[in-house]
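Trainee: These are the residues of each chain, in order.
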Amino acid sequence: MNAQSVLDVVLIFSILVLSFAMLGMMYRIVVGPTLHDRVLSLDALGVLLMGFIALISMMIHSQYLTVVILLIGILAFIATIGFAKYLEKGLVIENDRDSDD
Amino acid sequence: MKSTLMRAGYKKVSRQMNDVFLQFASKVIFFLIVMFAFNLFFAGHYTPGGGFVGGLLGASAVVLLLIAFDRKTVHKMMPIDYRFMITLGLVFAGVVPTLSFLFGTPFFQHQFTYVEVPILQELSLHTAVLFDIGVFLTVMGACLLIITLVAEEKA
Numbered sequence: 001m002n003a004q005s006v007l008d009v010v011l012i013f014s015i016l017v018l019s020f021a022m023l024g025m026m027y028r029i030v031v032g033p034t035l036h037d038r039v040l041s042l043d044a045l046g047v048l049l050m051g052f053i054a055l056i057s058m059m060i061h062s063q064y065l066t067v068v069i070l071l072i073g074i075l076a077f078i079a080t081i082g083f084a085k086y087l088e089k090g091l092v093i094e095n096d097r098d099s100d101d
Numbered sequence: 001m002k003s004t005l006m007r008a009g010y011k012k013v014s015r016q017m018n019d020v021f022l023q024f025a026s027k028v029i030f031f032l033i034v035m036f037a038f039n040l041f042f043a044g045h046y047t048p049g050g051g052f053v054g055g056l057l058g059a060s061a062v063v064l065l066l067i068a069f070d071r072k073t074v075h076k077m078m079p080i081d082y083r084f085m086i087t088l089g090l091v092f093a094g095v096v097p098t099l100s101f102l103f104g105t106p107f108f109q110h111q112f113t114y115v116e117v118p119i120l121q122e123l124s125l126h127t128a129v130l131f132d133i134g135v136f137l138t139v140m141g142a143c144l145l146i147i148t149l150v151a152e153e154k155a
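In order, the protein sequences belong to chains A and B. Note that the working numbering has the first sequence beginning at 1, numbered continuously upward. Note that the working numbering has the second sequence beginning at 1, numbered continuously upward.
If you're looking for bench data, these hints aren't it; they were derived computationally from the structure. Bear in mind that the values here come from a model prediction, so they are computed numbers and not experimental data. For every residue, glycine included, the Cβ atom is placed at its ideal position computed from N, Cα and C. Any given hint could turn out to be false.
[To be verified] Simulated crosslink set (DSBU-like; lysine-lysine; CA at most 35 Å straight-line):
1. B:K76 - B:K27
2. B:K72 - A:K89
3. A:K85 - B:K76
[Stated by the list, open to error] Derived CB-CB ranges, DEER-like:
4. A:V9 - B:L145: 43 to 53 Å
5. B:G104 - A:S62: 53 to 63 Å
6. B:F107 - A:L23: 44 to 54 Å
7. B:M78 - A:A3: 20 to 30 Å
8. A:V17 - B:F30: 27 to 37 Å
9. B:T105 - A:S62: 27 to 37 Å
10. A:V17 - B:L125: 13 to 23 Å
11. A:I53 - B:L32: 41 to 51 Å
12. A:V9 - B:F101: 56 to 66 Å
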């Protein structure tokens, strides 16, 4: 058993584990009791997706997917901030943050 | 602003509430995202990227500022009319392919040349970059116009 096949076994096992973790996240997104649970699990799903794409890019010997990982990280970050502000203040983008209405 | 604090009666507290962490961090992260957007834009010809993804990422950088601050402050930071941005992008994307007619080549014909630069050595110049600038400006302007128009309505 050479190093390449050991790496393949490890990669496939990790992808399976991440898939089951993502299924758990999907369950929490669908039946989450509160909106906060759904937001948290959506953020964690983004992180798992980044790891998933990193494993895929190792599997197909490509370095171009690292850009996709960075992109998903930035988009998940902005989405989480938007949800957090919606939960805190009730709206995402304000017209004037010093006004009273 | 229907915050939970205001509904509880803390009107003055809510007015002075300042998102220090979010506002300071977004000022730094904005430039990181813009740098990554331009990196994607210029990587576009041979590797993944291009005008569309770069424009989307540039728009999301401004959306981060819009979330951290408000529409008035962002308009003071960047006094750009997004409709003018879309128009400029469409002019770039329309005129550059049409210019190929004047030089006797088919529509959308791609021209390139190689230039010797002292430190960077050989660089390739493409006309596709000018077309991609148009795509970048159009996508970024359209995204920001839609988002600000949706946000303008009172919740």
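Trainee: Okay, which hints does this one fail, numbers in order?
Mentor: Hints 5, 7, 10, 11 contradicted; others consistent.
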